[in-house]
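Each protein sequence line maps, in turn, to chains P and Y.
The first sequence: position 37 = 611 (our numbering), numbered continuously.
The second sequence: position 265 = 839 (our numbering), numbered continuously.
Read the hints as simulated data drawn from the structure, not as lab findings.
There's no promise every hint is true.
Identical copies carry no separate label here, and so any pair may be met within one copy or between two of them.
Claimed, not checked - Subject to a maximum C-alpha distance of 30 Å in a straight line, what follows is the list of computed DSBU-like cross-link-like pairs (lysine-lysine):
hint, residue 1, residue 2
1, K637, K882
2, K920, K747
3, K641, K966
4, K882, K617
5, K831, K691
6, K760, K617
7, K650, K624
8, K980, K964
9, K760, K657
10, K747, K637
11, K964, K624
12, K637, K624
Protein chains: 2
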Amino acid sequence: MTLTRDDFIALDKRDPLAPFAEEFDIPEGLIYFDGNSLGAMPKAAMARAKDVIEQEWGTDLIKSWNKAGWFTLVEKLGNKVAKLIGADEGEVIYADATGLNVYKLVSAALEQRPDRKIIVMEGSNFPTDNYMVQGLIRQLGRGHEIRFAEDGEIMDAIRDDVAVVCLTHVHYKTGHLHDMTAITRKAHNVGALTIWDLCHSAGALPVDLNGSNVDFALGCTYKYLNGGPGSQSFMFVAKRHQGIAVQPLTGWWGHDKPFGFERDYRPRKDIWQFSTGTQPIVSLALSEVGLDIFMRANMDEIRKKSLKLCDLFIELIDERLKGYDFKIVTPREHSRRGSQVSIASKNGFAIMQALIADNVIGDFRAPDIMRFGFTPLYVSYVNVWDAVEKLKIIMEEGRWDRPEFKQVGAVT
Amino acid sequence: MTLTRDDFIALDKRDPLAPFAEEFDIPEGLIYFDGNSLGAMPKAAMARAKDVIEQEWGTDLIKSWNKAGWFTLVEKLGNKVAKLIGADEGEVIYADATGLNVYKLVSAALEQRPDRKIIVMEGSNFPTDNYMVQGLIRQLGRGHEIRFAEDGEIMDAIRDDVAVVCLTHVHYKTGHLHDMTAITRKAHNVGALTIWDLCHSAGALPVDLNGSNVDFALGCTYKYLNGGPGSQSFMFVAKRHQGIAVQPLTGWWGHDKPFGFERDYRPRKDIWQFSTGTQPIVSLALSEVGLDIFMRANMDEIRKKSLKLCDLFIELIDERLKGYDFKIVTPREHSRRGSQVSIASKNGFAIMQALIADNVIGDFRAPDIMRFGFTPLYVSYVNVWDAVEKLKIIMEEGRWDRPEFKQVGAVT
Chain P
575 MTLTRDDFIA
585 LDKRDPLAPF
595 AEEFDIPEGL
605 IYFDGNSLGA
615 MPKAAMARAK
625 DVIEQEWGTD
635 LIKSWNKAGW
645 FTLVEKLGNK
655 VAKLIGADEG
665 EVIYADATGL
675 NVYKLVSAAL
685 EQRPDRKIIV
695 MEGSNFPTDN
705 YMVQGLIRQL
715 GRGHEIRFAE
725 DGEIMDAIRD
735 DVAVVCLTHV
745 HYKTGHLHDM
755 TAITRKAHNV
765 GALTIWDLCH
775 SAGALPVDLN
785 GSNVDFALGC
795 TYKYLNGGPG
805 SQSFMFVAKR
815 HQGIAVQPLT
825 GWWGHDKPFG
835 FERDYRPRKD
845 IWQFSTGTQP
855 IVSLALSEVG
865 LDIFMRANMD
875 EIRKKSLKLC
885 DLFIELIDER
895 LKGYDFKIVT
905 PREHSRRGSQ
915 VSIASKNGFA
925 IMQALIADNV
935 IGDFRAPDIM
945 RFGFTPLYVS
955 YVNVWDAVEK
965 LKIIMEEGRW
975 DRPEFKQVGA
985 VT
Chain Y
575 MTLTRDDFIA
585 LDKRDPLAPF
595 AEEFDIPEGL
605 IYFDGNSLGA
615 MPKAAMARAK
625 DVIEQEWGTD
635 LIKSWNKAGW
645 FTLVEKLGNK
655 VAKLIGADEG
665 EVIYADATGL
675 NVYKLVSAAL
685 EQRPDRKIIV
695 MEGSNFPTDN
705 YMVQGLIRQL
715 GRGHEIRFAE
725 DGEIMDAIRD
735 DVAVVCLTHV
745 HYKTGHLHDM
755 TAITRKAHNV
765 GALTIWDLCH
775 SAGALPVDLN
785 GSNVDFALGC
795 TYKYLNGGPG
805 SQSFMFVAKR
815 HQGIAVQPLT
825 GWWGHDKPFG
835 FERDYRPRKD
845 IWQFSTGTQP
855 IVSLALSEVG
865 LDIFMRANMD
875 EIRKKSLKLC
885 DLFIELIDER
895 LKGYDFKIVT
905 PREHSRRGSQ
915 VSIASKNGFA
925 IMQALIADNV
935 IGDFRAPDIM
945 RFGFTPLYVS
955 YVNVWDAVEK
965 LKIIMEEGRW
975 DRPEFKQVGA
985 VT
């Protein structure tokens, strides 16, 4: 039976997550399918910003390090993220940026496997993870090597010469989802450690780090977690590695006695060792607003709606845009995908620009991928219908085929 | 002739920097001598925050990376800082945190001197610099060593086995100022490179990095530059080292073609190589407000007033608090000090708490130092008189000698 717009309106009516949309500020008429790149702004963000800037900085000034709890935000926010990724209290710290945290964790993990030289990574991953490890390898100069493996080749690449398996759980471009449990088990079977990058999974689907026996993890908070542009990253270190694995960016916040101002570094034995030092507090404080919304949402409901949104989007593309050069590269099986749908198309760049001009925001990733991210807390079912309808008209009218949509560098 | 309060009022009346005080939001009645720890809030900060949060994040969303120039803020703000520290355009980038930037620069510099193992540092420096270098040394495992030298021992420590001299220009605790030109010359004479930490000098006094032929520098922006709590740090790399020295935290922003999403890292040849990746944008954008005030202020006038404020504070302490256990540890010679006055006192902690309770904010650094920072853009001459007057009464009445002022962990 062919779907109609009314079917989507009906789905919205009985969506238990629908009320969350009111907590986000999406401009009128905009269909925002780019929350996998920059999450939308929670309406409560501005009030929090006012408080941290005017009251905590402007009025309380230096006292806010204690009075407003600035110094312990990295721990407090870490413990909130822990609830979303299957970690225990004291296993997550919220500090620094994604790339830096990859560097820290890989360095700490390699030290635990001094006789092994191989790091398994996915070559087509978002490059900053690979770049950071390449920088580390070059700096160490001890003959470490990345063994690049693509989806489908990873299990075979995990052999008994592997020190560390460092993978992104959901692929930024295709949206494919790795089997965290199986890969971690294989890694442990050959004596390797695992580092999971959760940039595209934290807040997008249930993650169970301890259930999968993961060693280390990290992820960003400005995508599905709505932390604000460039908000800090988080790091997970399983309790069994704390006090043993040591990361090299040994700033004063990771010292056993930070306010002792001792001359020599002595690592703290807990998750704080993975922090470094003073964080940009306004951005940090602001990102708690997004996390607090997730503290009230049910991750299983989010996953259920995410899969349904993606399924319907795929179904409509199949049905209503038949015959166009659209190839869905995201796996169709639920167990194999995150919360985005990626479509390869020769004219993908221009088509995406035409969509953006028509108030449907997705993004483009070279050479030919149109990405559509689905964030169940503020994307509705009818958004899916309307976006595909707009895409259909753009294709039928050939409206993407204009010079202004072919200029690279407009919106990426 | 003995000074009176009227003398200080008269000084304020003819102070050319006095109008700047109106641009900062200092609570009524508060005397704030802690701008060397957390700079005061510019009144324009909230409007900028509203713009970046509500308009750029909330409304323009992902488009803001280009439309609002988020991606190039690190370069734009770096070029503003360059003007304050004697650097040229393209020599400064504004990203990441102080400690991380120490790590990057020391790692990059050590690679340029592969046959040398010694790093000269000041053991009593704010510890994060030393800690970061200790973490790097441990990680590299190549037998590098820190040669700790205190003020007065530094020139002798710089011998022909030294790879890098890494010093903080103004000491966080005592306020002593190193001779950047002489030390850099000595370092170069023995074939070493220099890294200057400007945390307590950028915005506090004129700095001329290129005039002193400095190789690398870094500094924070949340103290004298009023960037907001924990705002990002800046890094200077002299043009002659760009494209040659490479830092190891090789994130995608430092790649030659960041949006090419290539698998392998290829360093950019300019200052961007020293950036890493996505920054917390709200904090970053907000810190431009403080910098913009400095773009209109005259650094020589700032230095002149800073010296005068410190001179008067010292003079009043000498004159009006004679007989108390107060030892001024900041050098009295202008050429030897930054923009703070530090007083050692056995009961320093409790005395500082009593001062804070009386609305004079300085801070305490273990074991016995009371620090008073002077920020000429918003500290007035009469503030100096009033603060000393309050201190005098606290001492005369013995008001510091109360249990509530002896609890460690209150305000530090």
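So, going through the hints one by one against the coordinates:
{"no.": "1", "hint": "K637 / K882", "verdict": "between (48 Å within a copy, 27 Å between copies)"}
{"no.": "2", "hint": "K920 / K747", "verdict": "within (15 Å within a copy, 62 Å between copies)"}
{"no.": "3", "hint": "K641 / K966", "verdict": "between (55 Å within a copy, 28 Å between copies)"}
{"no.": "4", "hint": "K882 / K617", "verdict": "within (26 Å within a copy, 48 Å between copies)"}
{"no.": "5", "hint": "K831 / K691", "verdict": "between (34 Å within a copy, 28 Å between copies)"}
{"no.": "6", "hint": "K760 / K617", "verdict": "neither (44 Å within a copy, 57 Å between copies)"}
{"no.": "7", "hint": "K650 / K624", "verdict": "both (20 Å within a copy, 25 Å between copies)"}
{"no.": "8", "hint": "K980 / K964", "verdict": "within (19 Å within a copy, 68 Å between copies)"}
{"no.": "9", "hint": "K760 / K657", "verdict": "within (26 Å within a copy, 55 Å between copies)"}
{"no.": "10", "hint": "K747 / K637", "verdict": "between (45 Å within a copy, 19 Å between copies)"}
{"no.": "11", "hint": "K964 / K624", "verdict": "neither (38 Å within a copy, 32 Å between copies)"}
{"no.": "12", "hint": "K637 / K624", "verdict": "both (17 Å within a copy, 24 Å between copies)"}
Checked against the numbered hints above, the structure violates hints 6, 11; every other hint is satisfied.
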